[in-house]
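**Q** What follows is each chain in one-letter form.
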Amino acid sequence: MGEPEPTQQSSGSDAICEFIGNLKVENDNLILALHAIENRFGYVPRQSALLLSKRFSVPLARIYEVLTFYHYFRTTPSAEHTLTICLGTSCWLHGSEKILRNSQNLLAELPPEERQRFGLSEVRCVGCCSLAPLVFAGKKVIGRLTPDKMKQIIEGLLSNRGDIS
Amino acid sequence: MSQINVQINGMAVAVSEGTSLLDAARMVQVKIPTLCKHPDLVATGACGLCIVRVRGMAGFPRACTTPVEEGMDIYTHDNELTEVRRTVLELILSTHPNSCLTCGRNGSCELQTLAADFSIRESSFAKYVPEIPRDTSTGSLIFDFEKCIKCGRCVHVCQDLQNVWALSFLNRGIHTRMAPAGDIALAESPCVRCGQCSAHCPTGAIIELDETAEVWRLLREPGNHVVVQIAPSVRVAIGEEFGYEPGTNLTGQLYAALRRLGFHAIFDTNFSADVTIMEEASEFIERFVHNRRELPLITSCCPSWTDYMEKFHPDFIPHFSTAKSPQQMLGVLAKTYYAARRGLDPSTIKVISIMPCTAKKYELTRSHEMYASGYKDVDIALTTRELARMIKQAGIEFHRLPPENADSLLGTYSGAGTMFGTTGGVMEAALRTAQYFLTGEKMPRLVFEEIRGLTGIKEAKIELAGQEIRLAVAHGLGHVAEVLDRVRETKRKGEEPRYHFIEVMACPGGCIGGGGQPYGVTDEIRAKRMQGIFQDDRDKTIRCSHDNPEVIELYETFLEKPLSEKAHQLLHTTYYARPIYQR
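Protein sequences appear in the order of chains A and B.
Going by this note's numbering, the first residue of the first sequence is number 1, and it counts up by one from there.
Going by this note's numbering, the first residue of the second sequence is number 1, and it counts up by one from there.
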């Protein structure tokens, strides 16, 4: 990720002021503020949500309704290595579900401290079906995926080799 | 408002504009099944059971969210609609555990009733019941998420009706859950334990913490002197559990039933409500006449309300009456005054209270002042629903019981005391005694019609000893902010106080509509229970707290006078600002 770890301080009022800047305090802007926080930290820390709740006079419960409704938002920090497998129609037809299960099993076999470095998730169609099946490794798209290729990716990330392709 | 003519199952009916098909059908005695729509709440069309057929309209519109249009030809029941409804029910049941026999709503569950009505004998769909741990953190309510059918009633009650926002919708689609923000425990959320979620939940997903077993244990345990008190509003609601009309006053039968359950002394919270009035009316006089401390004075006998104020409106702490609630006053008096007069060791006295309320369970330990007797002043608070079950367990034929009387020292009550059970009642009771304190008139004005009824915010100006007193009464926590904002505004402008006296009860209708009362409450039932309270007041020869002979005796022999040092030590409390979220 390369992003700084949010601290109590940086995820608090300073950070919000910095990132949402001149955003007017009105309900319609709440989601923009959440995007700004998400983009900054890779997730929305509870501290930020609490401050946003005060600043926008919106109940915290409503903020979490928004946060958990949209898959885009995260409420916990993302893992060091995120792997997002596409389960859209095209990828699914090319066996992405099997790749997902395989990956889950692979990760489950890792020792806990290594497993924690990975965040495996799924997504519905990312709009490059010609590459199906595909995975997002961090911000990198890797297409024509096979279970073997997926295994190499995970091993590569584990040994911190930058040559995944 | 213009009338709209529609046909329902061939029957012509004229209804006002904006009426839903659901309500229009009710006017011609047709009941369309629902699981999410509740008369207290705005229709959301979540459950999909109330589908109907409208000639010329595609598909099946939902009756709860579809308003009438001129000339509509509506069919509410036919084979196909029944089939679709059955499928909807089967789909709901496919995500519901089959645990009816051990469920807190067995026999009162709306889903169970519909499954029975629709002859559901087998499940056509694969079960999908994710394992989610129960939330028992509040000590008042049990959240069993697995039994949730996602109708959304609790969330709308908590957000729209009560403005507490402890509950919200988390996630989406099949993963949707009703939970506090960010999935923390309910006790860490703003929850004030009013239990309105449990009163509106159609299933057993939200129920009161059942403490009947502990009460049975205390009754069995040798050496205990177990006393019981019943709250004002319990007497006019418990009958619904035994087939009585809502609002039937069953005070005498309740005393008899409690005696048969084995309680050693039967007391009445109405007695201590009279004591509360002696203290609170004196506080009012202190503030109003002697200008000590700020006006308005705000009532504090509702634990959800004090919790809410401490969390959301702590700037009003100086306005709060420091008088404890009647429940706590009776507890502390039982373990001090009653114990001394009867020569009982207070450590052997156990006080059980029967309350319309789930927050009363929380109140028992809300601060160190709830131990003013040197013991836990009230040991256990049961809801009306829990007591009804105890009576049934004991094989008591409640409807055939001859009425009995309460026991002396803490059992006699005035009409004012019973009024505590309804919105406006605490204020009316306080005004009766305040008038007497102010003017010495023996027969003060008794009835204040302006502050009766189910309007969310009630205001009145009355004359008292030649002075104008401005009153406000709010019930349902959703109405509180508006009243308090009006006070804040006059404060900011440095004007005369907008009000001198404010009464708040957390639940719609007050305690008669409490979160621990029998299920199925609507405004119609609230109004009947309220009438039951007013009737009880009218039936009493003694209508004012200061005329209650046992109250007079208490002050003469024990407390000396209202707001005495002893009264402060035993009968008063303090409030603290509390964080809205624990984390």
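Just so you know, not all the hints are guaranteed correct.
[What the hints assert, rightly or not] For the chain B half of the interface with chain A, some residues (derived, Cβ under 10 Å), not all of them: (1) W165; (2) L167; (3) L170; (4) I174; (5) T439; (6) E441; (7) K442; (8) G466; (9) Q467.
The hints are simulated quantities; they were obtained by calculation from the structure and are not laboratory data.
For glycine and all other residues, C-beta sits at the position ideal for the given N, C-alpha and C.
**Q** Are the hints correct? Go through all of them and say.
**A** Hint check results:
{"no.": "1", "hint": "W165", "result": "holds (4 Å)"}
{"no.": "2", "hint": "L167", "result": "holds (7 Å)"}
{"no.": "3", "hint": "L170", "result": "holds (5 Å)"}
{"no.": "4", "hint": "I174", "result": "violated (14 Å)"}
{"no.": "5", "hint": "T439", "result": "violated (45 Å)"}
{"no.": "6", "hint": "E441", "result": "violated (48 Å)"}
{"no.": "7", "hint": "K442", "result": "violated (50 Å)"}
{"no.": "8", "hint": "G466", "result": "violated (43 Å)"}
{"no.": "9", "hint": "Q467", "result": "violated (38 Å)"}
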